[in-house]
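As you go down the protein sequences, you meet chains Z and L in turn.
In this text, residue positions in the first sequence follow numbering that gives the first Met the number 0: the first is 0, and each later residue adds one.
In this text, residue positions in the second sequence follow numbering that gives the first Met the number 0: the first is 0, and each later residue adds one.
Treat the hints loosely; a few may be bogus.
Claimed, not checked - Distance condition first, Cα-Cα at most 25 Å in a straight line; then the derived DSS-like pairs of lysine-lysine: (1) Z:Lys67 <-> Z:Lys44; (2) Z:Lys67 <-> L:Lys94; (3) Z:Lys409 <-> Z:Lys355; (4) Z:Lys355 <-> L:Lys103; (5) L:Lys13 <-> Z:Lys71; (6) L:Lys15 <-> Z:Lys133; (7) L:Lys4 <-> L:Lys43; (8) L:Lys43 <-> L:Lys69; (9) L:Lys94 <-> Z:Lys355; (10) Z:Lys141 <-> L:Lys15; (11) L:Lys4 <-> Z:Lys133; (12) L:Lys15 <-> Z:Lys71; (13) Z:Lys133 <-> L:Lys14; (14) Z:Lys133 <-> L:Lys103; (15) Z:Lys141 <-> L:Lys144; (16) Z:Lys71 <-> L:Lys14; (17) Z:Lys246 <-> L:Lys144.
Keep in mind the hints are simulated off the structure, nothing from the lab.
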Amino acid sequence: MSMERLILPDIPEYHLLDVYESRGGYQMLRKALGMKPEEVTEEVKKSGLRGRGGACFPTGLKWTFMPKQSDKPKFLCVNGDESEPGTFKDRQIFEFNPHQMIEGILIAAYAMGIATAYLYIRGEYATWIRMVRKAVDDAYAKGYVGRDIMGSGFSTELVIHRGAGAYICGEESSLMNSLEGQRGYPRVKPPFPAQNGVWGCPTTINNVETIANVPVILRLGWEAYSKIGHPRHPGPILVGVSGHVNKPGVFELPTGLLLTEIIGNYAGGVPGNKRIKAVIPGGSSTMILRGDQIAGVTMDADGLKAAGSSVGTAGMIVMDEDTDLIRVITRITAFYHHESCGQCTPCREGTGWMHKILQRFEQGHAAASDIDLLLNVANNIEGNTICALGDAAAWPVQSMIKRFREEFEKRVAPAPAMGPPLAEAVH
Amino acid sequence: MLSEKSLNAIEELKKKYRHPQSVVLPALWMWQEEHGWISEEGMKQIAEVLGIPVHHVFGVVSFYTMFNRKPVGKYKIEVCTNVSCMLKNSDRILKHIEDRLQIKPGETTPEGKFTLVEAECLGSCGTAPMMQIGDRYYEDLDEAKLDRILSSLE
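Please take these sequences and the hints and turn them into a complete structure.
Here's what the structure looks like:
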């Protein structure tokens, strides 16, 4: 199907300010500045836009959590820490459409009365930080950012903040600590950021792709926007497809498309027409699905929930019939072990234990009882940590055992078990 | 020592945050760009310039993986081995570099030119396998392409 591309339009040099302006760029900011701030928020709320960073939280509703009157300045943090394995979408916005993101940031800033917006970009994206910096400088020079924007009397600043290599800083409270110049430890909630965020001030955190949708909502109007894709999770969504497909990449699609259609039609199918063994639908922390389980499943919050997984970042990883799933889950778990910030014992220790047990399966000296031991460790991480990284580490393991138990059974060492005693091996 | 240019940039940046401590990551980046790695001297100077304890700066440096806590080669090669790259045979890419440079991940060649590191997902999943050298991404790698890139740096 063909749809006008709204987030990554197919227009040459669209990243340049004059090209963006020639296509109506920054006119939605002008429109917003002529509205009351609460009218802008209402428009976003009614559009049905839900966060594209992984949690699918309604964006307009989040904005209403910000206090209208505040003695303290209010801040917006835009999350461009994009580090979830399988995710490479925000990078496309930085490269091909940075001004739409900037325009969205400014509209959001106006709606919430933001003093300064911080755009946090992962440290490894040095090349893309340079591109975005150029766009921000150009926007400042034209008076779209800074003092008295377009003569409206509204002022806001936009600051790019470079991360330095920590997956956890994509977690919103960790991002705020990182911005404060601290170790990126997640914070206990409540208090929630809208009351007590960065420097103890009211703060909203939105993902880059979410923010890039905001000018689209103002342009089309909430009603037309809400009719794109799935009614309960509307809008365009950037779906990344990687792994065993002929044409990997990021595709802008309406929500609600079949996973099989995305893989088959957009990503060009599986090389050699091999069978799909498994699909991770939305970044490595979402629950893995069996290949024979994806028929009829759609890329939206309801569709993936019904299938026993979630949208996450819509970074889909496809694995063909020859894939060694034990190796996949061992690698994923090694990642979470490496990225655990170390604050909470269940995650800090549990991710390492899971990795050790999984290595026994990988190397062929696991005991049959190790399957349930692994599940037990995962179950004791889930829900017992300050932030969602614990859950993110547990879900892939739990779902892999639930849906591919036979893969573990095949890798158990012939009796008697040749592995070291469990107590010794776990610690 | 930090250059005059960086010290001025730090003063400008302080105005953009509510507390000077927020400038610790930008200041560490400036130091690393000028010196290649973060020494004790660097942490001390940054602490002084920002008016924060040096142990706090050390706490920050040790949390973030991109800060080099010891000298590294002129070219730091980081090969992504996370799932999407693994499915596209990133182990072959890593092995090829190991064989060619005769070093293992975590090591630097004797003349100090190349350091090899295994990296977590760098957001190039659609162009896997990939590696990063310094600021630059090299994507859709195979052995021949890898040889051309390394030859151009040797």
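Requested in this report: Determine which of the earlier numbered hints do not hold for this structure and return their numbers in increasing order.
Outcome: 2, 14 and 15
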